[in-house]
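Undergrad: For the protein sequence lines, the chains are A, B, C and D, in the order given.
Mapping of the first sequence onto our numbering: position 278 corresponds to residue 278, and the numbering continues sequentially without gaps.
Offset between the second sequence (1-based) and our numbering: plus 1000.
Offset between the third sequence (1-based) and our numbering: plus 2000.
Offset between the fourth sequence (1-based) and our numbering: plus 3000.
Among these hints, one or two may not hold up.
Distance ranges between label pairs, derived from CB positions [unchecked claim]:
hint, chain 1, residue 1, chain 2, residue 2, range
1, B, Asp1030, A, Gln130, 16 to 22 Å
2, D, Ala3152, A, Tyr189, 19 to 25 Å
3, D, Ala3152, B, Gly1283, 25 to 31 Å
Computed list of lysine to aspartate or glutamate pairs in DMTMM-like fashion (alpha-carbon distance at most 25 Å, straight line) [what the hints assert, rightly or not]:
hint, chain 1, residue 1, chain 2, residue 2
4, B, Lys1320, A, Asp30
5, A, Lys320, B, Glu1157
6, A, Lys285, C, Glu2056
7, C, Lys2248, D, Glu3056
Some but not every residue of chain B turned toward chain D, in silico, with C-beta under 8 Å [said to hold, decoys possible]:
hint, residue
8, Thr1161
9, Leu1246
10, Thr1249
It is worth saying that the hints were derived from the structure and are not from the lab.
Ideal placement from N, C-alpha and C gives every residue a C-beta, glycine not left out.
Protein chains: 4
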Amino acid sequence: MASTKIKTGIVGGAGYTGGEMIRILLNHPDVEITFVHSRSNAGNPLYAVHGDLLGETELTFAADLSNDIDVLFLCLGHGESKKFLEANTIAPSVKVIDLSQDFRLGESLPGREFVYGLPEMQRDKIKAAQNIANPGCFATAIQLGLLPLAQAGLLQEVHTTGITGSTGAGQSLQSTTHFTWRANNVSTYKVLTHQHLKEIRRSLQLLQPAFTGNINFVPVRGDYPRGIWVTSYLESDLTLEAALQLYKTYYAPHPFTHVSDKQIDLKQVVNTNKCLIQLEKIGTKLVIHSIEDNLLKGASGQAVQNMNLICGLEETAGLKLKSIVF
Amino acid sequence: MASTKIKTGIVGGAGYTGGEMIRILLNHPDVEITFVHSRSNAGNPLYAVHGDLLGETELTFAADLSNDIDVLFLCLGHGESKKFLEANTIAPSVKVIDLSQDFRLGESLPGREFVYGLPEMQRDKIKAAQNIANPGCFATAIQLGLLPLAQAGLLQEVHTTGITGSTGAGQSLQSTTHFTWRANNVSTYKVLTHQHLKEIRRSLQLLQPAFTGNINFVPVRGDYPRGIWVTSYLESDLTLEAALQLYKTYYAPHPFTHVSDKQIDLKQVVNTNKCLIQLEKIGTKLVIHSIEDNLLKGASGQAVQNMNLICGLEETAGLKLKSIVF
Amino acid sequence: MASTKIKTGIVGGAGYTGGEMIRILLNHPDVEITFVHSRSNAGNPLYAVHGDLLGETELTFAADLSNDIDVLFLCLGHGESKKFLEANTIAPSVKVIDLSQDFRLGESLPGREFVYGLPEMQRDKIKAAQNIANPGCFATAIQLGLLPLAQAGLLQEVHTTGITGSTGAGQSLQSTTHFTWRANNVSTYKVLTHQHLKEIRRSLQLLQPAFTGNINFVPVRGDYPRGIWVTSYLESDLTLEAALQLYKTYYAPHPFTHVSDKQIDLKQVVNTNKCLIQLEKIGTKLVIHSIEDNLLKGASGQAVQNMNLICGLEETAGLKLKSIVF
Amino acid sequence: MASTKIKTGIVGGAGYTGGEMIRILLNHPDVEITFVHSRSNAGNPLYAVHGDLLGETELTFAADLSNDIDVLFLCLGHGESKKFLEANTIAPSVKVIDLSQDFRLGESLPGREFVYGLPEMQRDKIKAAQNIANPGCFATAIQLGLLPLAQAGLLQEVHTTGITGSTGAGQSLQSTTHFTWRANNVSTYKVLTHQHLKEIRRSLQLLQPAFTGNINFVPVRGDYPRGIWVTSYLESDLTLEAALQLYKTYYAPHPFTHVSDKQIDLKQVVNTNKCLIQLEKIGTKLVIHSIEDNLLKGASGQAVQNMNLICGLEETAGLKLKSIVF
């Protein structure tokens, strides 16, 4: 009897987002992993690279791709996904979910249109999509903090601080991810110029075409491995009650994004696919805090959420993850 | 149609191990949570105490106990479990799994005998048990590093270093869990006198009755929240190959404990129910490293593993947890 | 021969800023510590409370105050300094340096006027002062980032993010300084309402009386013990070169505040009395990063700097501290 | 008028120990830095590499060596010091203090004999020395915990756990110093085989020639940048009182090593040149805890201490460093 599970392939399975993809899919009730591709690791067990998978699976990295799959996840560096799709023949029937930024701004390839995969913005479009451009980590957290305002046409110039864990910088060894340097340290990078601003602006203008204000974004390197904290504020006529109403109504149909009536802290969402949002009204300013795990809701978790949607599965399948909490 | 799920109650649900119990059971496919008892929090939603549960459940803390359950988890402080069972009438049919140290050394109550719940030592006894004394966190990690030797009658005086995360100290505010003090710090406590030595010795002598050597244990406070690292060494005639063979054979039937051929590091098991073991042979000494998450395999995860066994469920049900890795 | 050293007393010597005061003054070449007052610790050696002082001094905490001193440091909680000065008779000749916020907004007591002790703003006034209100930690870092603009009359509405280490919260045990909670966590507090905004605004308006714009300040709890990172930005017509020129000229006479031409990171100043500043110009916005150790330049170090000034010592005496760097 | 300060040169000034050497010597009252040699950084200001030195000095790295110095510090990798001395002509009058392990076991070069630079073991020999082999970081902490026993002829087989901060691994980027990997992690390395065991054994046998027991040493990678914690235990007939008496008498003449009557914790010594020792007697075992900053008492601080001794300066000159404490 043939398996009725969704067959998936992972390209770039030796990196951080590839590893998270494997971890989620191994326990996903409706999915099987057909192959995890990695040329340099071909033949080695997955746990030789991802040590935590010892005892979880005997799967090995594959040197070759297979087209006998339903969904292909591309966990490659920026610029590499486009090259990969141009250099390899992927069967037209295979759905592609790309975690790079190569197709987030409307780029396409012959025969492959990509839909921006932010379910809280356009779940129906995603359900009907063949290919998904999975949003960036900061882009997800910032947008989830602003979508209800944009849909209501209430966005104005936004001031945003975002703090990210070191996993956002990937697994390559860099001076800014050296333990001795980063521990107990703080620094910023790409202040007011972060590349995610493009996809953020594109989404927000879809919802509020007249929005032309700045999104002033200060990205901060945090002293911890996982998670993104975002605080945005802007001028707003909304009362706190009206804002809460707006946000709660907007997110009511969405299983992973929740509005908290209490102060939030980052570890509420670390190692989960959730985004939590907290609102404050101070004088004439509305303050929005939004938090996520950059590798899950900000990357591989959201990719699986998108797979669930395009494959007609329950949106939360395989994504009820135990948080680390502490 | 009546639910066929196992009905569970949790006493002490506002603490660390109680919270982990809730997190696991909420996603356990064969279990439902009938109540989470907490007098001081009665009526409040669980997420008012455990903020990460926002969006996971609308359950509230219960002021009263119910006997319409199959399994009762006691997540109470040491000394409190015995008092609780003496003060409350628990139906004889209810299985009790106690996470305190009150019944680990053979203590019993009228009508309630307790079996020491270390599945890797005595799974069959556990399957037949009515009540379980769940092992201590350090006790679990140290024993899992020594059980195969004890069973083979090869234990001699052992030298052990154990490092624990701050969650081992619970949620009360103490000078040794103050962030400013503990961050970047190291200290030891209860050197050579840790209370877990009693249950460790008891188990080892069950397997190797003639063992009278010391277990010299240096407990260290680690600079991180979760996880226990243990390194033990002793004189041994075994070659590395023979030792690996002994350990791999011993743990082959056990789904959560695995022997690694490569160097291990703590984060391979954090936020999972696993224990990983690594062996080295240096001169005449056999070195055994064993690691676990102190709140899971060292507490609530093992409690659920024991519940699975005494209820006839798959041993791993509800316990395939995604590691934090990073 | 009588000692010609400055005689100092410390009230509140058991707390964090009191401890730092002791550490600095013990090695200050021109100062001696006459007493460290603490009722609850009277008679105990200083190292019984401040364990790192073992081997540094045999001084004990004093139950009584002495008026045979030149300078008195008040290292008390907010509200306590005023009470202390009202309840105790301090000789009029004794100079008082208060680290609380009790006198930062122009408050005074009969016979005691207080000068706001930010040397980079008003060194000459400080030199002539009898009593000093030592600035707040965030207030120091934010002001040092803005003073040159205010003096040039170029301030407009400011957007500021500030991240502080846990020592900023003092030594009392709180849920937000519990290691298990704070490690790897991020949260905000007093968003847009932090109490230091008052003293900041007061200083800036002294320099630029017409300034009425907001200072929008988002305070963040950082995951490390020591140090404050501040990023501020505002609209500005200045080129980067002109801004650098303005800042370098302003700070040229000040030995502890320096403008960096390279990206800065917090650990450059931890455990020193320095403030480093870095500028960026992005589009029409001027971005100012400023960093300090919250307990030194943000508290006790600056207090000693003020003492040096009011006592006619070299401004840097006793304050050439080795940074932790790593 | 010619300077009467000691003239020093530093080779390898771009590394961790070289940087610490600069930091100490810049504030040393009796010393001047004549050159800091680094071929790759020649001409650049020191603060271009050591960012925390901004505002401290305008010194630049030198491409060339000078022989117009009194003391030369070699802050080079293991094996590099010997090569350096063979390849370069150093005036015979120049005293050499080498921080590598090249000369710790009695190795010499023509015209250059090296004395092992552990002042608490052989201060008089050091005072008379021309060249110093500066001890290793773990070697210092372990020996300081055992010297009084060895001198009394009371050493037996020792069991030692040592935990080191990440700075011990130097500044090169390695998988074990990657922030994402090391944060919240624990691992061991070179278990029972650490290279420092040779110099430890050599010293101990000098004091107690008949000592042939093992020193069983488990080195642990700690989750913090700075500091070494060592716990050693052994069989001993000494009472706690007798042991305390032995240790306090032994260390009474030594200004940097102190015996604590209270529990110690690592941060008491971080960023200082001190070593603190705490004793416990449990049953028949004597437990010795010893702590230090691996870069100071374990490297550059001890090198300066040795310089002070061989140059006839006060032993503590330039080494009264403010601890980080928090």
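Undergrad: Please go over all the hints and tell whether each is borne out by the structure.
TA: Outcome of the hint check:
1. Hint check: B/Asp1030 to A/Gln130, Cβ distance near 37 Å, so the stated range 16 to 22 Å is violated.
2. Between D/Ala3152 and A/Tyr189 the Cβ separation comes to about 57 Å, which falls outside the hinted range of 19 to 25 Å.
3. The supplied range of 25 to 31 Å is met by D/Ala3152 and B/Gly1283, whose beta-carbon atoms lie about 28 Å from each other.
4. For the hint pairing B/Lys1320 with A/Asp30, the CA-to-CA distance comes to about 15 Å; that is within 25 Å, so the pair holds.
5. Between the alpha carbons of A/Lys320 and B/Glu1157 the distance comes to roughly 45 Å, so the proposed pair goes past 25 Å and is violated.
6. With a C-alpha separation of about 51 Å, the suggested pairing of A/Lys285 with C/Glu2056 is violated against the 25 Å cut-off.
7. Between the alpha carbons of C/Lys2248 and D/Glu3056 the distance comes to roughly 16 Å, so the proposed pair stays at or under 25 Å and holds.
8. Because the smallest distance between the Cβ of B/Thr1161 and any Cβ of chain D comes to about 4 Å, under 8 Å, the interface hint for this residue holds.
9. A distance limit of 8 Å between C-beta atoms decides the matter here; for B/Leu1246 the minimum to chain D is near 19 Å, and the interface restraint is violated.
10. Hint status for B/Thr1249 relative to chain D: violated, with the closest Cβ pair at about 24 Å, above 8 Å.
In the structure shown, a violation is registered for the earlier hints numbered 1, 2, 5, 6, 9, 10, in ascending order.
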